Amino acid sequence: MARAVTSRRKLVNTTVAWAIGLLIFFPILWTILTSFKTEAQAIASPPIFLGFDWTLENYSVVLERSNYGRFLWNSILIAGGSTILGLIVAVPAAWSMAFVPSKRTKDILLWMLSTKMLPAVGVLYPIYLLFIKLGLLDSRAGLVIVMMLINLPIIVWMLYTYFREIPVEILEAARMDGATLKEEVLYILTPMAIPGIASTMLLNFILAWNEAFWTLNLTAVNAAPLTAFIASYSSPEGLFFAKLSAASTMAIAPILILGWFSQKQLVRGLTFGAVK
Amino acid sequence: MATKASRSAARIMMAPAVILLLGWMLVPLIMTLWFSFRTYLPLRGGDQGWTGFDNYVRFVTSSAFWPAVQTTLVIVLGVLIITVALGVLLSMLLDQPMWGQGVVRILVIAPFFVMPTVSALVWKNMFMDPVNGVFAHLWRFFGAEPVSWLSDASLPSIIMIVSWQWLPFATLILLTAIQSLDSEQLEAAEMDGAPHLKRFWFIVLPHLSRAITIVILIQTIFLLAIFAEIFVTTGGAFGTRTLSYLIYQRVLESQNIGLGSAGGVYAIILANIVAIFLMRIVGKNLDN
Amino acid sequence: MGQIQLKQVTKSFGETQVIPPLDLTIHDGEFTVFVGPSGCGKSTLLRLIAGLEDITTGHIEIDGTDATDLVPAKRGLAMVFQSYALYPHMSVRKNIAFPLRMAKMEQAEIDQRVNAAAEVLNLADYIDRRPGQLSGGQRQRVAIGRAIVREPSAFLFDEPLSNLDAALRVGMRMEISELHKKLETTMIYVTHDQVEAMTMADKIVVLQAGVIEQVGSPLELYRTPRNKFVAGFIGSPKMNFIEGEEAAKHNAHTIGFRPEHIDVVESGGMWQGTVGVAEHLGSDTFFHIHNTGLGETMTVRAIGDVSLKHGDTIHLSPRVEEVHKFNAEGLRIE
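Chains as they are written, first to last, in this note's numbering: chain A, 1 to 276; chain B, 277 to 564; chain C, 565 to 898.
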């Protein structure tokens with residue numbers, strides 16, 4: 001039965017939903033707007049919503065002052081590197097669990113998940129100590145490894161749920177057609193799994209980009225990514241609203257855009273396939 | 277399902293992931309356990325040998341422990357109640373027909389993608405600053421005295437910041453769950469004469485119960501570990517020191533590794549209790 | 565060539581043995597159908613022959629050489645799957661060419677063979693489409709095309725028609741039969757549908773719980789089923805079984821009459837009963853008859869449109885020369 005929704009009801013829904021949506025989005029919007037204000041206008045009372053002199057000055061100041069480029073580059077390297085490394089390890093593992101399941105597959109999957117639940121603070125010092133011993137403290141390589149490890153369970157899980165949707169018969173057909181294991185993975189599985197792999201990469205990239213425990217505690221100068229860059233604005237620079245906003249906007253803009261593309265996959269990734 | 281050849285290949289392909297995670301789990305865990313039974317002060321004499329369960333006892337008897345437990349509970353419960361309640365309402369609203377649904381969805385989800393340090397700083401300075409923050413302006417506009425949020429109402433402020441970050445997560449998952457509700461079920465209930473509220477109570481809510489449980493469990497695990505939001509805003513002052521933050525301070529600020537490690541073991545046990553319930557649900561889901 | 569021999573083959577999944585020791589020979593060029601109710605092990609048997617599952621004990625020989633430990637690709641067999649298992653990201657042409665590409669065949673040879681297969685199967689018009697853009701029947705033909713280009717020593721079909729609608733199924737049945745006549749290659753075909761088995765097979769293998777109940781030509785199975793199971797499984801509608809006094813008259817524990825071997829007569833007859841449901845197909849009428857005093861509901865086929873309705877009394881005269889007799893163990897007595 002197609003119910004005729006009265007346009008009045010639809011109008012009410014629309015109004016309420018947009019109001020709430022804008023309210024939730026407001027802090028982000030406000031940050032973006034403030035980043036284009038002068039410092040004086042940023043703290044003007046009453047606040048100016050749109051009628052200010054738009055300026056890009058804050059961006060150039062932030063870029064000059066804090067070597068934003070290096071933080072950005074670190075964020076990209078750490079998020080990107082850990083994602084690629086994670087995929088290299090996770091694709092074969094997820095393949096074998098999805099297509100050659102054994103009695104222990106379920107236990108292994110759940111165990112992998114349980115490592116994700118380990119509170120970081122509980123193992124902070126050992127990792128810190130190991131990093132010093134191995135000379136990894138404040139190194140990008142060290143953070144790439146840590147990010148890879150903390151997100152590996154999610155990567156394996158997401159890939160596993162995507163792979164499971166590929167019918168086994170297709171892989172068997174390839175086997176009957178004379179494909180070796182390598183050819184089967186290369187010509188059949190990978191092309192079919194590309195959408196799933198892409199969204200797994202996207203989610204993992206976002207999670208690694210926003211991670212703010214290990215990045216704050218294991219870096220100082222060299223390997224510090226954008227999370228640390230922003231944390232350094234805590235004070236007293238934080239009182240310069242316009243510059244804080246410009247720095248914040250630059251830190252979140254790339255990921256906000258990526259995030260909007262990945263909202264559907266997000267649910268699957270974050271609930272380990274328990275909600276679809 | 278398969279042949280011997282593919283089974284041994286599978287084992288080899290699984291090995292790197294399993295070995296890496298096993299190492300990542302066991303090595304630090306064993307080290308933490310080891311340290312927790314020793315007096316270890318890197319800046320004041322280093323490793324001074326075994327102390328038995330002293331660290332465990334000291335950690336729970338310290339004057340900071342119970343307040344930290346209380347703070348943790350208040351934050352976790354506060355955020356859970358807010359995000360789940362608002363999440364249910366919001367997801368039901370977003371499920372209704374409206375204009376620009378996709379855009380509203382994007383607006384609602386956005387906070388989830390903001391890195392924790394950014395959201396903490398933006399809230400702290402631009403909204404909760406007692407002089408120039410948006411809230412101060414609002415309060416003054418209504419003739420009220422601006423509040424020093426992060427010192428006078430520190431816990432509600434933190435709860436609010438964290439809820440803002442996690443509401444999108446709850447909404448998104450509950451929305452996905454609502455959309456899988458068979459509309460014929462609701463229509464059948466309507467035919468059976470159930471009014472709106474009854475339909476919500478007897479059909480929508482039970483349908484959502486699994487998703488709600490998952491939201492609660494996953495959020496709990498992450499909320500027990502929130503760090504950046506406190507690190508950037510109050511640094512643990514004004515009664516916002518959670519259990520994890522307390523451990524962090526013991527380890528990195530006062531450099532009492534033994535004591536911090538004992539706290540870490542408590543945190544691990546706590547997280548595992550929650551994790552077991554989550555595993556059960558996820559595991560059941562794997563069977564079908 | 566395409567002779568396949570199973571010698572004392574068994575298959576266990578963990579503790580459960582799904583196929584007890586089994587011997588079977590499939591001769592070169594034969595169209596063999598494995599038929600049985602679902603879960604009878606027929607698909608498992610096919611997958612053992614294909615090499616997609618390891619056999620637990622025993623040997624499989626293909627053309628006289630031991631293939632027990634060969635990987636699927638090396639057995640020279642081609643398989644058509646129930647879900648067609650087409651590669652969704654490849655065009656029809658690439659799907660058909662895939663096995664040849666895997667065999668590292670030269671491009672010119674591949675093109676020639678693919679075109680030939682497309683010609684035979686009427687696929688030329690869709691050759692550059694993706695499987696997603698094809699109808700069920702067309703997909704089925706692509707799957708067959710992918711199998712025939714390899715010129716395998718035998719074809720394996722795993723319930724290939726079960727995803728098609730009834731009308732298409734009849735058409736594809738004919739096409740596969742014709743293909744077999746044309747290629748004269750061994751084919752092994754798995755189905756749960758005894759009509760498919762009867763219409764296509766040179767040889768039917770009836771399976772139940774992993775055990776071969778009978779092997780024979782369709783008419784052999786129809787005329788002389790070795791036991792009650794085969795008698796009940798082959799033939800549609802199902803054979804009527806009668807026990808007790810009536811069976812004792814024939815010195816048997818159970819007797820069976822096929823619905824087409826019981827005539828509806830105006831009056832008299834050996835048995836009578838009340839019409840329950842009457843299915844009027846036009847060419848035939850099937851009566852389900854209650855209250856015959858012979859046990860279960862009886863099914864009878866009458867030629868043409870016989871105008872008896874629900875509740876009418878019906879008189880029946882079985883053709884005694886067509887009786888099937890079984891002993892207490894369910895085995896046929898001659």
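Just so you know, these hints were derived from the structure itself, not from any lab. Owing to the predicted nature of the structure, the values given are computational and were not obtained by experimental measurement. Where is the CB? At the ideal position from N, CA and C, for every residue including glycine. Don't take every hint at face value.
What the hints assert, rightly or not - DSS-like, lysine-lysine: derived pairs with alpha carbons at most 30 Å apart:
id	chain 1	residue 1	chain 2	residue 2
1	C	Lys889	A	Lys182
2	B	Lys280	C	Lys889
3	A	Lys182	B	Lys474
4	A	Lys10	B	Lys474
5	B	Lys280	B	Lys474
6	A	Lys103	B	Lys474
7	B	Lys280	A	Lys106
8	A	Lys182	C	Lys802
9	C	Lys746	C	Lys813
10	C	Lys658	C	Lys745
11	A	Lys10	A	Lys103
12	A	Lys103	C	Lys638
13	B	Lys280	C	Lys745
14	C	Lys802	B	Lys280
15	B	Lys280	A	Lys103
16	C	Lys802	C	Lys638
17	B	Lys474	A	Lys106
18	C	Lys889	C	Lys767
19	B	Lys474	A	Lys116
20	A	Lys106	A	Lys182
21	C	Lys802	C	Lys767
22	A	Lys182	C	Lys638
Said to hold, decoys possible - Covered stretches of chain A (chain B as the covering partner; in silico rule of three or more C-beta atoms under 8 Å from a C-beta of chain B):
id	segment
23	20 to 29
24	49 to 57
25	133 to 142
26	186 to 196
To be verified - Computed far set for chain C versus chain A, every beta-carbon distance over 12 Å:
id	residue
27	Ser647
28	Ala667
29	Ile867
For each hint, the structure was consulted:
no., hint, result
1, C/Lys889 with A/Lys182, "violated, 57 Å"
2, B/Lys280 with C/Lys889, "violated, 46 Å"
3, A/Lys182 with B/Lys474, "violated, 56 Å"
4, A/Lys10 with B/Lys474, "holds, 22 Å"
5, B/Lys280 with B/Lys474, "violated, 56 Å"
6, A/Lys103 with B/Lys474, "violated, 44 Å"
7, B/Lys280 with A/Lys106, "holds, 20 Å"
8, A/Lys182 with C/Lys802, "violated, 50 Å"
9, C/Lys746 with C/Lys813, "violated, 50 Å"
10, C/Lys658 with C/Lys745, "holds, 27 Å"
11, A/Lys10 with A/Lys103, "violated, 51 Å"
12, A/Lys103 with C/Lys638, "holds, 29 Å"
13, B/Lys280 with C/Lys745, "violated, 37 Å"
14, C/Lys802 with B/Lys280, "violated, 42 Å"
15, B/Lys280 with A/Lys103, "holds, 15 Å"
16, C/Lys802 with C/Lys638, "violated, 42 Å"
17, B/Lys474 with A/Lys106, "violated, 39 Å"
18, C/Lys889 with C/Lys767, "holds, 24 Å"
19, B/Lys474 with A/Lys116, "violated, 39 Å"
20, A/Lys106 with A/Lys182, "holds, 25 Å"
21, C/Lys802 with C/Lys767, "holds, 20 Å"
22, A/Lys182 with C/Lys638, "holds, 16 Å"
23, 20 to 29, "holds (count 7)"
24, 49 to 57, "violated (count 0)"
25, 133 to 142, "violated (count 0)"
26, 186 to 196, "violated (count 0)"
27, Ser647, "violated, 5 Å"
28, Ala667, "violated, 6 Å"
29, Ile867, "holds, 43 Å"
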